[in-house]
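**Student:** Sequence:
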Amino acid sequence: SPMIVIMGKSMPPPMISPPSTAVMCGHGYGMSRKREKNEMAWAELVGPLAPWRSDRVCLGLTLIGAGSYYPDHRHPALELYAVVAGEAEWSRSGETSLRPPGSRILHRGNEVHAMRTGEEPLLAIYSWSGDVVSPSVYV
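The opening residue of the sequence shown carries number 1 in the numbering used here; numbering runs sequentially from there.
Incorrect hints may appear among the rest.
[Claimed, not checked] Simulated DEER-style distance windows between Cβ atoms:
| hint | residue 1 | residue 2 | range |
| --- | --- | --- | --- |
| 1 | Ser129 | Gly102 | 16 to 26 Å |
| 2 | Glu39 | Asp72 | 12 to 22 Å |
| 3 | Gly94 | Arg53 | 13 to 23 Å |
| 4 | Pro51 | Gly118 | 31 to 41 Å |
| 5 | Ile125 | Pro48 | 12 to 22 Å |
Since the hints were derived computationally from the structure, they do not count as laboratory data.
No residue lacks a Cβ here, since even glycine has one placed at the ideal position from N, Cα and C.
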């Protein structure tokens, strides 16, 4: 059987069962009422409808196109982003800051926040915890 080498030691590869369903994916966040560009896509790995089911945690990736605006909104879940590539202006509680790759952005439950990308698309890992079932409300 195949073996892998980790730190000089041979061992069998870990056994990981494939998920029972496809990855939950989509594009946009239902903001068609906004006239600003908002090219967005996401893939959720953990969550209520994801391959690894949870009603308390969501984990996934989001890709947001260059020059896009994700308008002011809030949701009950605690949200954490980890910027992988690109940079964006993140706004919350009346303050805006430019956040490059490696940044972590925390939004507390029901905290109004928004985001605008610059000349490059943004790739980020996101997680929600707490009430991940209730939807976002745009303000």
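**Student:** Where does the structure disagree with the numbered hints, that is, which hint numbers, in rising order?
**Tutor:** 3
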